[in-house]
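> Each chain is listed here by its residues.
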Amino acid sequence: MDRTDEIRDYPELRAAACPFSPPPGYEELRERSAVTRVRMWDGSTPFLVTGYHEARAVLGDSRFSADGTHKGMPRFTKFEVPAEVFNLGRMDDPEHARIRRMLTAHFTIRRTEAMRPMIQGIVDGLLDRLIAEGPPADLVADFAFPLPSQVIAVMLGVSDADFAEFQRASQGVMDFTVSTEEMGAALGVMVDYVSRMCAAKRAAPGDDLLSRLIVDQELTGGLTQQQVVATALVLLLAGHETTANMIALSSVLLLRHPEQLARLRADPGLMPNAVDELLRYITIVQEGTGRVAAEDVEVGGVQIPAGEGLIINLPSANRDPHFADAHELDLGRPNAREHIGFGFGVHQCLGQTLARVELQIALETLLRRLPALRLEVPLDDLAFLYESMNFGVARVPVAW
Amino acid sequence: MKVSVDQEKCCAAGHCALAAPEVFDQREEDGAVVLLDPRPPLALRDGVAEASFLCPAAAIAVED
Ligand code: HEM
Ligand code: SF4
Chain Z
1 MDRTDEIRDY
11 PELRAAACPF
21 SPPPGYEELR
31 ERSAVTRVRM
41 WDGSTPFLVT
51 GYHEARAVLG
61 DSRFSADGTH
71 KGMPRFTKFE
81 VPAEVFNLGR
91 MDDPEHARIR
101 RMLTAHFTIR
111 RTEAMRPMIQ
121 GIVDGLLDRL
131 IAEGPPADLV
141 ADFAFPLPSQ
151 VIAVMLGVSD
161 ADFAEFQRAS
171 QGVMDFTVST
181 EEMGAALGVM
191 VDYVSRMCAA
201 KRAAPGDDLL
211 SRLIVDQELT
221 GGLTQQQVVA
231 TALVLLLAGH
241 ETTANMIALS
251 SVLLLRHPEQ
261 LARLRADPGL
271 MPNAVDELLR
281 YITIVQEGTG
291 RVAAEDVEVG
301 GVQIPAGEGL
311 IINLPSANRD
321 PHFADAHELD
331 LGRPNAREHI
341 GFGFGVHQCL
351 GQTLARVELQ
361 IALETLLRRL
371 PALRLEVPLD
381 DLAFLYESMN
391 FGVARVPVAW
Chain A
1 MKVSVDQEKC
11 CAAGHCALAA
21 PEVFDQREED
31 GAVVLLDPRP
41 PLALRDGVAE
51 ASFLCPAAAI
61 AVED
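Protein chains in written order, with the UniProt record's numbering: chain Z, 1 to 400; chain A, 1 to 64.
Next up, chain A with everything else stripped away, as it sits in the complex (with noise of 0.2 Å):
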């Protein structure tokens, strides 16, 4: 699985970082996604799935 994320198109929103906190959290000065883990164990499948469907800005891409 590859994961990628757009801190430009990002509102801040914060449902990745819930979602699935090992791969987004929230950068400290404006509270836009970073990527913790780029390539996640398909363990963390479901809550990259739902964070991505969750995210309002369309900012977070996923490959199998």
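Same shape as in the complex, but just chain Z (with noise of 0.2 Å):
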């Protein structure tokens, strides 16, 4: 066993026994305590913290920075982020404040609302190719990551003709497995288009997302033309492989859950609080939630001076016992929407109604459309993302 004063390495990764479970020494850690410091690949000693209400405590106090250019930041990746993508996350209030505030009209619960029947017509369209060209189909490749992009496609004012090129670069920046130069010019790529879809919208803006951050920022001084591009890539990015892998592994995970999917079937009205429910019990973002302290504060008992770094961990505080037998999946928890896999705070997820309209509807209709569908391989087989940043699984192979 270790001493107590023995600074534990991070990051731990998930057990491939469990790969739904977050850490099994973080689960350990939340117990025994659930603000410690651990030791990163730099060297640098952050604070870890596993517990449900000390990350609510974390992320929702101003006194905690989320400004990524901050030294005290913990280094989640040897990869320099580049400059142009100027990250909403990564700023603190009030110029977050000012710019999430140009954002959120775009994400109500009204809005997103009326996006159901596009979001709908997108999902459909993708099931009727798979179905039309028959098992067995990848849902990762064929379903779960072209939804979101071409959702936000919509959103942005993407126009049809211009869909492909932007599949296409957008596709570039998805791909984590290649080099940092590669990763560089797939960004370039991305800020090209994205820049020149702005041009085209300046000439002849329509009432889409990005006409009217140009017409309403831009034009009036809110916003440079770069901070303009910078936000579109930031809308591309936070969404698309976070919302692919919630897809992916929801569906794994439901077909592993016979009893709960009956469930499901036989109650479709269940939906939204499933969606919340498998948000909880798979909590993608694993890694990358990070703050530091802008002055001294006390957390869960612990003293955390001023400029040290903290990492918050959502997978293991959404299985704190917070929650009544954390560890069963239940569709009908009754306070499933409680879970933290949006994070917390003023950054909290500014996409989280999209994505779970987008959920609910992806699930329901795959489901519904296809009764039969079936993993094609075992579980044990299936290559799930462990290590990084958000937790995924690369293919799902099925039939139906």
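Just so you know, the hints here were simulated from the structure itself, not pulled from any lab data.
One thing to keep in mind: the hints can contain errors.
[Unchecked claim] Residues from chain Z shown here face chain A by an in silico Cβ test under 8 Å; the list is partial:
(1) Phe20
(2) Ser21
(3) Ala105
(4) Thr108
[What the hints assert, rightly or not] Anything over 10 Å on all C-beta distances counts as not near chain Z; from chain A, calculated:
(5) Lys2
(6) Ala13
(7) His15
(8) Glu28
(9) Leu42
(10) Ala43
(11) Leu44
(12) Ser52
(13) Glu63
[To be verified] Not everything, but these chain A residues come out facing chain Z in the computed CB check (under 7 Å):
(14) Ala12
(15) Gly14
(16) Ala17
(17) Gly31
(18) Asp37
(19) Pro56
All residues carry an ideal CB built from backbone N, CA and C; glycine is no exception.
Both chains come to you apart, so use the hints to assemble them.
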């Protein structure tokens, strides 16, 4: 057993025997000391937060900064994010709030509900093709990945004529297996593409999100041209892989829990709650949630000195005993929505309502139109992405 | 029950409008919270308490 004063190495990975659960070591930590120091690859020793209440306390407190340029900020990868990927999630209020407020109108409950028919149309189009081509299929490449990119393309106002190029450019930046140089090049292609799109909107604005940003913000001096491009990139990147991975993993998990699946089929009204329970249970954002103490703050009985970094482990927090029988998948769980799979505090996911609706429609339609859906390979053979920032699965071969 | 909201703090996550639609709405232009009923009936207590717990920005205050 380790001594209590020993600093554990970060990160620990999910166990292959139990890919949907957080790393076992974090569960043990949560019970013993939900705020504790760990050692990262670069030798730094930030605090790791594994408890639900402690995670909410940190993420909900403006004394903890999200500023990505702060030198105390935990560095999850060696890859230096290029400056054009200015990230709303990595800046503090008031500038963060100013920019977030420019976007929130497009992500309200009402606006998102109004997008249901558009999203349903995209989901049906993808499934039409899948069904026409016949089994087997890869649920990741043929369904989960194209859906969110097509939805955000509609929101941003990508024309049908341009979609193939948009798809190609965004695929390039989504491939995290490539080298740093290749990633830089792919980003360059995407920035070029979005810049050209902005120029076209500037000349002839529509009523899409990008046109609104240009007319309401860029032309009034609220955002620079470069910031508009960066904002479009953030929306594209933040909502793509995350939503796609959730669709793929949720499908696998439901197929592995036939009794919960039967419950959902019998009662489609359960879907919104089911989606929140799936978000809690799987919690794909497993890395990358970092903060820095801007002043001395106490959390969970531990003193965090100013300037120290913190890593908030969302998967572990979502299995805290705050949720009764936290390790059970219960699609009817009364407090499922209290999960922090979308984070907490002022940075809580901007696209969460959209993500929920996409997941609800994707899963409902998949189960309805492919009632005999099954995995083509044993669970153990699935290539889960244990080491990536967002938990995922590379391919999900299915038949029906 | 007395409810108040802080539109400045609100980050427009929209939980409140889902948890207690009789009491909270979202403003059209930026999604910020709109308080529909500052003195909701007790029957809505659970929904209001849930909204205040879920609110990520601590923008909802409830007094008994
Ligand atoms: C299931 C899908 C998704 C998950 C699990 C997810 C998760 C998260 C999490 C955990 C954060 C907070 C990070 C932090 O506090 O450091 C976040 C922020 C964010 N997400 Fe999502 N997200 C999803 C889908 C989306 C979609 C569809 C969009 C937009 C189209 C989006 C846009 C954003 C943006 C812009 C932020 C930064 C917000 C801010 O800092 O104010 N996300 N997301
Ligand atoms: S839950 Fe809080 S942050 Fe979200 S809309 Fe309501 S008041 Fe605003």
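> Run every hint past the structure and note whether it holds.
Structure-based check of each hint:
Given the 8 Å rule on beta carbons, the hint for Phe20/Z is violated: about 24 Å separates it from the nearest Cβ of chain A. Checking Ser21/Z against chain A by beta carbon gives a least distance of about 24 Å; that is not within 8 Å, so the hint is violated. Checking Ala105/Z against chain A: minimum C-beta separation of about 5 Å stays under 8 Å; hint holds. Hint status for Thr108/Z relative to chain A: holds, with the closest Cβ pair at about 4 Å, below 8 Å.
Look at Lys2/A: its CB is around 23 Å from the nearest CB on chain Z, clear of 10 Å, so calling it non-interface holds up. For Ala13/A, the non-interface assignment is contradicted: its Cβ lies about 5 Å from the closest Cβ of chain Z, within the 10 Å cut-off. A beta-carbon of chain Z is positioned within 10 Å of the beta-carbon of His15/A; the least distance is around 8 Å. Here Glu28/A does not stay apart from chain Z, with its beta-carbon only about 7 Å from theirs, under the 10 Å limit.
No beta-carbon of chain Z comes within 10 Å of the beta-carbon of Leu42/A; the shortest separation is about 20 Å. Against chain Z, the non-interface label of Ala43/A holds: every CB pair exceeds 10 Å, the least being about 18 Å. No beta-carbon of chain Z comes within 10 Å of the beta-carbon of Leu44/A; the shortest separation is about 17 Å. Every CB of chain Z lies more than 10 Å from the CB of Ser52/A, the least distance being 12 Å, so the non-interface label holds.
With a cut of 10 Å on Cβ distances, Glu63/A stays outside the contact zone with chain Z, its closest approach being about 20 Å. Contact between Ala12/A and chain Z, as hinted, is supported at the beta carbon level, the nearest pair being about 4 Å apart and thus within 7 Å. Interface restraint check for Gly14/A: the shortest CB-CB distance to chain Z comes to about 5 Å, inside 7 Å, so the restraint holds. Look at Ala17/A: its Cβ gets to within about 5 Å of chain Z, closer than 7 Å, so that hint holds up.
Below 7 Å, beta-carbon pairs count as interface contacts, and Gly31/A has one with chain Z at about 4 Å; its hint therefore holds. For Asp37/A, the interface hint is violated, since its Cβ never comes within 7 Å of a Cβ in chain Z; the closest pair sits about 18 Å apart. Checking Pro56/A against chain Z: minimum C-beta separation of about 4 Å stays under 7 Å; hint holds.
Against the hints set out earlier in the document, violations occur for numbers 1, 2, 6, 7, 8, 18.
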